[in-house]
Amino acid sequence: MSDALDIALRLAAVFVVFLVFPLVIGQTEHKVMAHMQGRLGPMYAGGFHGWAQLVADGVKFAQKEDIVPAGADRRIFQLAPAVALLPYLLVLVAIPIGPHNAVGQALDAGIFFVLAVMGVGVLGSLMAGWASANKFSLLGGLRTAAQLLAYELPMLLAAASVAMAAGTLSLPGIVEAFHWWWVPWQIVGGVVFFTAGLAELQRPPFDMPVADSEIIFGAYTEYTGLRFALFLLAEYAGILVLCALTSVLFLGGWHGPFGADGLGWLWTLVKTAILAFGVIWLRVTYPRLREDQLQKLAWTVLIPLSLAQIALTGVVKVVISS
Amino acid sequence: MSFPGSGLAKGLAVTLRTMTKRSVTAQYPDAQPDLAPRTRGVIGLFEENCTVCMLCARECPDWCIYIDSHKETVPPAAPGGRERSRNVLDRFAIDFALCMYCGICIEVCPFDALFWSPEFEYAETDIRELTHERDKLREWMWTVPEPPALDPAAEEPKELAAARKAADKLAAQQQADAEAARAADRTEGQPADQDRPDTSGEGT
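Top line first, the protein sequences correspond to chains B and A.
Per the UniProt record's numbering, residue 1 is the first one in the first sequence, and the count goes up by one each step.
Per the UniProt record's numbering, residue 1 is the first one in the second sequence, and the count goes up by one each step.
No lab work stands behind these hints, which were simulated from the structure alone.
Here the structure is a predicted model, which is why all the values come from computation and not from measurement.
Just so you know, even glycine gets a beta-carbon here, dropped at the ideal spot from N, CA and C.
Some hints could be false.
[What the hints assert, rightly or not] Partial pick of chain A residues on the chain B-facing surface, computed with a CB cut under 8 Å:
(1) L12
(2) T15
(3) M19
(4) S23
(5) M100
(6) T131
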């Protein structure tokens, strides 16, 4: 197989995953959320239990008028959804799902690349909030900025702990080095990473920047039609990326009790799916954190915890190597 | 005494438990709801009982009941008597766009001409079409369910009690009349009874 074809196939596969899996997560959210609230969820679109609800939503969004407010910074306003969505596509390229190079593109500094690019996604919300020329959007944008500052740090520290433990920055390398006892060892880091990731995605209970009952919809207030749909898609793609990353970094990726070689990708998917379910579960269960509670959680709980995790990782590493 | 975060775990448990239970959503357009007999849907009219007393229209807080009528004279019941007059209903309409379903019209109707019907699917695309005339109200009358049975230990309904009282009174009256008639009979037939000493012996 020629190199060009190989690259094209990998990119196509990543693209298909990027288009399909967020929809699956979205549909799961419809159903799981409904049943957790004693409802049924959408039942009509597509026939069987409303499986085509998100497709129908997409068609609906595509039909709507695309409005740019008169006072808005036109170029930035129109660019923001793409900036919010594309980083997650780029991140997916670097996430390994199975052994033997089953990855879009193996990078030596994979974890660095992934975290750096994921951080760009929040920029989309900032751009949207600033360019909308709307005070609620601006409030939402500023809250997004504050949240980004607060939660990026514990996320990076927790990921750094895993990188220290594995002795490499490469994502396949980290999974390669994984042993089952890493789970209890890195559990605190894992929880911090996952929680901070939720906050980065502005998912409930950390959705103060988009709190629809307080500031309408934050940075997305002025968006309509497809551009708004892109923001929603970015949220679900973000869930996919976060859950895949958490399972790769903290839960051992393709390592499973059996079938490590042939069915490794299945383990990655199962772990990702369970984590995605957890994301939905948390959303249904907990009320939105107030802005000050949200900041307090990051600075007084998550960052000390992740620092403690790094210290623990360092100590264990030294003990093992000596 | 509880661990920090035990409340969070409890919350997760609640939502997970709810997920495993059957949802309580009723599939309304596919499955008709099971309505209680006292459901307030629309108001049905039983025309035959209506005397056009206008109490319902007068008491209606929204003034949403429209009644038109005319007076007809009826020949006297007994020869030589006075001609009697009677109200005939021409129009009875309720504007359900105004109605607030307070039920006062049904409460005040002295002749049981108005009833709650559980019918609730009467949406229209034009607000003016929500004014429903007597034929529609009569149609709804047939959807009125039977009133629920009384509690076994309940007090007897007022109507029944009154009717029984009247019937008892009538029966007592009739018995007294029969009694009186027999007594009169006896005093008249005294000579004939003389022949049969065994029947009248103790009385005299």
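Going down the list of hints, with the structure as the test:
no.: 1; hint: L12; in the structure: 5 Å, holds
no.: 2; hint: T15; in the structure: 4 Å, holds
no.: 3; hint: M19; in the structure: 5 Å, holds
no.: 4; hint: S23; in the structure: 5 Å, holds
no.: 5; hint: M100; in the structure: 30 Å, violated
no.: 6; hint: T131; in the structure: 33 Å, violated
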